[in-house]
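Trainee: The chain contents come next:
6 protein chains.
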Amino acid sequence: MSQNAYETGRLNLPFVGHCTFAKQPICTDWDNINADVAVLGVPYDMGTQYRSGARFGPRAIREASTLFSFGHGGAYDFEDDVVYLPTDKVKIVDMGDADIVHTDTVKSHENTRFAVRKILKSGAMPLILGGDHAVHAPVIEAFAGQEPVHIVHFDAHLDFVDERHGVRYGHGNPLRRASETGHVTGMTQLGIRNVSSSNRSDYEAARNFGSKILSVRHVRKLGTQGVLDLIPKGVRYYVTIDIDGFDPSIAPGTGTPSHGGFLYYEVLEILQGLTKQGDVVGMDLVEVAPPYDPTGVTGFLAAQLLMNFLGFIFEARHQRSR
Amino acid sequence: MSQNAYETGRLNLPFVGHCTFAKQPICTDWDNINADVAVLGVPYDMGTQYRSGARFGPRAIREASTLFSFGHGGAYDFEDDVVYLPTDKVKIVDMGDADIVHTDTVKSHENTRFAVRKILKSGAMPLILGGDHAVHAPVIEAFAGQEPVHIVHFDAHLDFVDERHGVRYGHGNPLRRASETGHVTGMTQLGIRNVSSSNRSDYEAARNFGSKILSVRHVRKLGTQGVLDLIPKGVRYYVTIDIDGFDPSIAPGTGTPSHGGFLYYEVLEILQGLTKQGDVVGMDLVEVAPPYDPTGVTGFLAAQLLMNFLGFIFEARHQRSR
Amino acid sequence: MSQNAYETGRLNLPFVGHCTFAKQPICTDWDNINADVAVLGVPYDMGTQYRSGARFGPRAIREASTLFSFGHGGAYDFEDDVVYLPTDKVKIVDMGDADIVHTDTVKSHENTRFAVRKILKSGAMPLILGGDHAVHAPVIEAFAGQEPVHIVHFDAHLDFVDERHGVRYGHGNPLRRASETGHVTGMTQLGIRNVSSSNRSDYEAARNFGSKILSVRHVRKLGTQGVLDLIPKGVRYYVTIDIDGFDPSIAPGTGTPSHGGFLYYEVLEILQGLTKQGDVVGMDLVEVAPPYDPTGVTGFLAAQLLMNFLGFIFEARHQRSR
Amino acid sequence: MSQNAYETGRLNLPFVGHCTFAKQPICTDWDNINADVAVLGVPYDMGTQYRSGARFGPRAIREASTLFSFGHGGAYDFEDDVVYLPTDKVKIVDMGDADIVHTDTVKSHENTRFAVRKILKSGAMPLILGGDHAVHAPVIEAFAGQEPVHIVHFDAHLDFVDERHGVRYGHGNPLRRASETGHVTGMTQLGIRNVSSSNRSDYEAARNFGSKILSVRHVRKLGTQGVLDLIPKGVRYYVTIDIDGFDPSIAPGTGTPSHGGFLYYEVLEILQGLTKQGDVVGMDLVEVAPPYDPTGVTGFLAAQLLMNFLGFIFEARHQRSR
Amino acid sequence: MSQNAYETGRLNLPFVGHCTFAKQPICTDWDNINADVAVLGVPYDMGTQYRSGARFGPRAIREASTLFSFGHGGAYDFEDDVVYLPTDKVKIVDMGDADIVHTDTVKSHENTRFAVRKILKSGAMPLILGGDHAVHAPVIEAFAGQEPVHIVHFDAHLDFVDERHGVRYGHGNPLRRASETGHVTGMTQLGIRNVSSSNRSDYEAARNFGSKILSVRHVRKLGTQGVLDLIPKGVRYYVTIDIDGFDPSIAPGTGTPSHGGFLYYEVLEILQGLTKQGDVVGMDLVEVAPPYDPTGVTGFLAAQLLMNFLGFIFEARHQRSR
Amino acid sequence: MSQNAYETGRLNLPFVGHCTFAKQPICTDWDNINADVAVLGVPYDMGTQYRSGARFGPRAIREASTLFSFGHGGAYDFEDDVVYLPTDKVKIVDMGDADIVHTDTVKSHENTRFAVRKILKSGAMPLILGGDHAVHAPVIEAFAGQEPVHIVHFDAHLDFVDERHGVRYGHGNPLRRASETGHVTGMTQLGIRNVSSSNRSDYEAARNFGSKILSVRHVRKLGTQGVLDLIPKGVRYYVTIDIDGFDPSIAPGTGTPSHGGFLYYEVLEILQGLTKQGDVVGMDLVEVAPPYDPTGVTGFLAAQLLMNFLGFIFEARHQRSR
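Order-wise, the sequence lines are chains A, B, C, D, E and F.
This note's numbering puts the first residue of the first sequence at 16, with every later residue one more than the last.
This note's numbering puts the first residue of the second sequence at 16, with every later residue one more than the last.
This note's numbering puts the first residue of the third sequence at 16, with every later residue one more than the last.
This note's numbering puts the first residue of the fourth sequence at 16, with every later residue one more than the last.
This note's numbering puts the first residue of the fifth sequence at 16, with every later residue one more than the last.
This note's numbering puts the first residue of the sixth sequence at 16, with every later residue one more than the last.
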């Protein structure tokens, strides 16, 4: 275990210093990413169908993550009695953001694909901060040429629309686009709910692709292990988390809130279980819209969840490697 | 089932266009309401004993309801596998608001009664958007001459005060007034809680009238079916929902919040059950106070609940009519 | 002068009723617009380079305009001793919004052009509510085939960028696009200021086109009449008002605020003078971003300015016609 | 001049301690008010025609006034080189609030009259914190039996409506009611502006009563002294300040904002001049609506203005008595 | 039981009158506190490691508590069928705040100890309103010379840091300081969670002192009675409640929120149980930070919890004394 | 003039990428600062006497400054026809923040002095982002051993208190501390106003030191050049800007707002004049408190002012060096 360094160097309280993800080092030389995790912001919000503002999601999550950065030598969790993310073992860098071009979805998505490919080429795990859910499509497309993945998807909405009025790359389409890539072997879609989630025909299309779709109430009935049992084991997982999969009580700051969503431990425990039955190779967390988050709780939720999830992933890898 | 019409006509995203309830047509000719449901705002907030602002409730709920308006051809719910509110079968109109006269509760209530009578005369079901809970009194009084109803009441407070300092028509009195009308056969009052809910004598008066009073914890102990079993079956229901019956975590934007309230599915499932054991003939949803709802979640809760409740009501009628 | 009708019909206080512009009637049959002024929202905000949210501009301005709607029989101004907008002489309708397609600037702009052409065809004056300033381009393009106009432009930014990274239709380009249409004979650009307003080359391009560019301090030095004297007289004016031309003290709710902007009367008096020296044939007011306007003052500014400007226009026409 | 007492007793920073007006002592025994100034809140907001919330005005102004309370021994102003409000010479007490009865304007106004009469009987000067402007009517009515007063009125609106839909005591009527009392000898109305300020007939009625009406632009043209010269000298003044007389840039937190209002020194200097040409015997400051004042600037404006105005009044009395 | 007095005297609605705790009388003569409960604010927030603002906690809780003040004759709870806090039997006074000295933690804490000792000397029970959690240290130190207490601690964080960079009296240290006083016999720490809660070594130190530490999930697994069984019975309890022990859904307004916290009844029922198995002799509630609580729910939670807890304490004493 | 580089590399819109000051490079190796300007945050807010929150000032100003970062090749101002801050001529780095120790003013100030000395040693000009005004004291103390400076001070408050209750390093003391350093030759204090600005004795002490004190109204009477003429010429200036020197209309987000403050151009033009009559060698901008700045205008003011001031300084140096 790494050394506590509180008295040497700076106290470095959460509110002090630049806002990078978890106060980890910046790496803007994308041809020399040397890390276990590379954090990339994709501040794109032209794909949303209701409230915009998710373009400031990456900044808000970085700011919120500074609250969880002040464990020196790693992040101790007394419930698990584990020091997660030991700083000498897991290296995280913050790459900044994909270059977004206003008015231009095609170029913005290209730039996103470009950035994610840089991460994958370096061997680091991509951790993508949206932006609206439209950014999932170019991210997952960038995985072309990698080993296939199973997508685990948390969301209030199915996001499986093919096309409406010519739109194929908005925030209602990304899982459909993912299903077409060829390197996605299946999907588990969790938290889907309410009458605005999608049309019947989209559900049929998702099921035809092989997706397993569960509402929040379904998940509660099954329990954490019941859900985990429905997800293929021993495969590579890509996890996409739309913050509106969570309940508006803890995630009000989002574009299209839907009541009746997940609470914190429900998602956390599925994520923790997931790391034990397969390898998580990438993730995105999207739809945090800071203009609608005056108390900051949505940003804190995103940051806290990501920090814990990263800890679980590398602890599980560590356990497997022993 | 009605036809999907996404590619003909407008895309009509939620943030586009005028704010009527669920983007349904306006009907300001109150002598020619030709609809199944008539939505009426009553922007009155002179009855509140703490934070005012509910006068903007109707506008906020209308705005929020646009988020749930973009299912064309009806609202598909995959958990129930039902398309609710098929647009060719259920006609909703938005009548605008009762005319409110500042400083004058008597006239404002008169105008409210006038508007509700217009709806009832047309045969449509009134859906009333408050305003503070004081508006329930004139609304229920307007049902005079109709078949009697059983009131199902969601609230943190009993609202059964007779008179204090001469006040008989404030937001603490409406259920007492309802009990005196002669056309209310009974009440079920759900969610009542905490030391500020009412005096012991008001509880006694309510019980003497025949009211069944359950706290949130009582409801949780009984379960949805247990609660439904306590409500008379086969009767006409009028449902009055004070948004502060819900927990402040999902309904902070209200005048007199009270912690320990209902969560979303708890109320939703009672409402759904209700539609199956009797006929809902009117409803009001009150006390949404937008100045205290910076994230909009309270407005979304009201709109989402009403949309689903309407769906259940007409689906149940449809089932019964088969 | 029209009749005061306070005691007949409804009191109709500002907070009561649907939010249309100044509570004027809705006209959604765009082939039968029969009015002097047709109000159209264009809730597009994909063109912004900083804070999004202007998509809710039309709704916020409509809501704010209800405050200025309660003069019956017209709007009396005691400073001028004139009843503006006598309801029996000036007819305003609210057409709703152009249909916006998320992710797709080309289609959204097409839909905007389509709607504006409908207005022009009807003979009504278009009053456009943005949306970000990108919407000015399709609006002005829709004037093709009309008599030429001189554009009077209030803004902190020059908005005369030709192209960057392929972007030609963002919120930094619209006046450049206007200059290329062939039916814009000149421009007066007022309020332009600060280091982020544009590059030197854009200023040169604007001046080459014949634009007169004045900063806020220039305008103050010249005075209202001095400014009016620089604007060609006896021509048709199209006025485009970016709310960020105003000072952040009264217009904080916008995407790219710039300190040192116009105060209320400075713009009002130029607009009033303008109506006396030529005919205003259209206008847009853009960049009101409600998520950054918690007190509502930006929306009120837009509504108050537009109401007064409309009054001046029709009063001047009335004076000229006598 | 009184003694500086910083090191004896408590530091008593502004954020420390109960919120009374300027941290002055509470006096709830209204039959034993022994003070030069008695501060009374009237948290009534049922008279407003647009945004409610002024019921929390008294609390917000008290809280804001604590910022201006930490001069010990009085309030030194270096521009005037005067210590205002020497604590051993001017005694201020905070009486709490008039008892407001929800739904009931008549009783609420009665209670307001009752409280103001108690102040007047004690010989203290009433300083009334609204509430909406409707509260001015009962306050001024309570002056019956006192020597007559000339009212100096700051406002965006004329507030001289006689009756509409039976309403005679709303926030649009109070100056009309004052004009009918018999003990008001005249009025000067300053800051009145914009098309929503009132109808032509109300202006005529006010002028017939003898009111002098000046817009903000009129005041600016005349200058402070020019305005003071229009106000009768050597009489008793009652000052009623609607915070919306100020510009929305510094007073956004109010029910019916109107752009183009007064700036701080414009009003301050008229008030200071007033104290030198007659005796101010009472005042109210109304329409501060805290739900629309997230930064607190409106409350600070009210508190800062009142503190300075009180200082001017007692300094002028002191000068006259020498 | 005391007499209902609604019609005699004032109606005294929650929004009317000065903000003292539960509208109870002020007692600023600290040498003559004659009460069962003495409420003291400690508006100190220099101990926080992230968001400041808790200095306005006392004012916000007092304001919120007025909502729960309008039961006359005591506070009736229909679930328990008990009138709590009968006004003739339980006397509460509000002492105002400890004197805080900016920049100076040592003096501020001294002043806090001074004030608490005054309460203890009077025989009243101290109810302390923070401020950040640093204020717990001087409060508990002031209990020196009293009978020993067992501390029951609700918090997301362990707060058991000894020293970092010389800091021994910040908001991460208070329970460690308490453990060193000699008059604290043990601790039960509830709600502790997440990776930022503390280091492993602090957990060890706490356990070595004899602390029982339970996370939210531990508490849920044990149930209310299971938790109560782990707390020593028949002893004197001091209860310290960091509002961030609660979930951010109901307590967003705090400096260092942590998702996955307690819901309302979970804490309420432990507190109620506690009063039945021992005597509560003091309490503090800390870390309410109003600048991050735009809806007020955090302040309401604090006020509602404290009012109920006080009721339970005195009802239990009453039961024991029979 | 430097080359426009819009089409090579990234578009890099303001909302994209990490938040450093004006998106300039980070330099955390404080022993190798190689720049013309070194930006340092000092997120300390324990010195404030009213609203805290200025600890987030540095982050808010950095975020706001990204809006003014997108001029490539420098910042063109068309009023002056100058490209300011040509990127090949003026190098700015962002050092991050001084290490702040909660509860400990002495250590925090030491760490601030340490950081500023590093900048001065490197030869760069320090640009300090507060934090509250207390941070000015250690900053100016760090100039010991440098050539003496004249301080130009913008503020509502005199900040010249010697000691109260032992406090010598709070936000009311820094200019007094500066006056004692020996390397401050004089002061010009601008904008000082209102009864809460300071005691008479503090004014005397400041004048005895040789300070020139002007209120906002004094400055307006003198005009820009009149003020500049009162400031010694040809000396080294250190500029300290308390954002509350500005009017609350454009700087609401601060701890102790005072109405009647400076408008934007008033300060800008004095600053521009200053650069022409002497050399500015350091500056701090303090008291931006983001929790009270929901629209962001205060942060934008700080960023816009600093960007322009930097431009003036280096342009003036450039002019002098020709």
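Honestly, the hints are just simulated from the structure, not real lab data.
Check the hints yourself; a few may be wrong.
[Stated by the list, open to error] Just the calculated beta-carbon pair ranges, DEER-fashion:
1) 103/F x 196/A: 43 to 51 Å
2) 163/E x 280/A: 48 to 56 Å
3) 178/F x 195/E: 49 to 57 Å
4) 332/B x 49/C: 39 to 47 Å
5) 195/D x 250/B: 53 to 61 Å
6) 238/B x 247/A: 43 to 51 Å
7) 219/F x 47/E: 38 to 46 Å
[What the hints assert, rightly or not] One-sided and incomplete, this derived list gives chain E residues near chain A with beta-carbon spacing under 10 Å:
8) 161
9) 162
10) 163
11) 165
12) 182
13) 210
14) 217
15) 220
16) 238
17) 246
18) 276
19) 280
Just so it is clear, CB atoms sit at the ideal spot from N, CA and C, and this is done for glycine as well.
Trainee: With reference to the structure, classify each hint as holding or not holding.
Mentor: Evaluation of the provided hints:
1. 103/F x 196/A: 43 to 51 Å: 44 Å, holds
2. 163/E x 280/A: 48 to 56 Å: 36 Å, violated
3. 178/F x 195/E: 49 to 57 Å: 33 Å, violated
4. 332/B x 49/C: 39 to 47 Å: 40 Å, holds
5. 195/D x 250/B: 53 to 61 Å: With a Cβ separation near 55 Å, residue 195/D and residue 250/B satisfy 53 to 61 Å, so the hint holds.
6. 238/B x 247/A: 43 to 51 Å: Given range 43 to 51 Å: violated, Cβ gap about 35 Å.
7. 219/F x 47/E: 38 to 46 Å: About 41 Å separates the Cβ atoms of residue 219/F and residue 47/E, which means 38 to 46 Å holds.
8. 161: 31 Å, violated
9. 162: Check failed: Cβ of residue 162/E comes no nearer than 31 Å to chain A, outside 10 Å.
10. 163: For residue 163/E, the interface hint is violated, since the closest Cβ of chain A sits about 27 Å away, which is over 10 Å.
11. 165: Given a least distance of 21 Å, the restraint on residue 165/E is violated.
12. 182: 8 Å, holds
13. 210: Status holds, d = 4 Å.
14. 217: Hint holds; residue 217/E Cβ to chain A Cβ min 9 Å, cut 10 Å.
15. 220: Violated, about 12 Å.
16. 238: Violated, because the Cβ-Cβ distance from residue 238/E to chain A comes to roughly 17 Å (cut-off 10 Å).
17. 246: 19 Å, violated
18. 276: Hint on residue 276/E: holds, closest Cβ of chain A at ~9 Å, below 10 Å.
19. 280: 15 Å, violated
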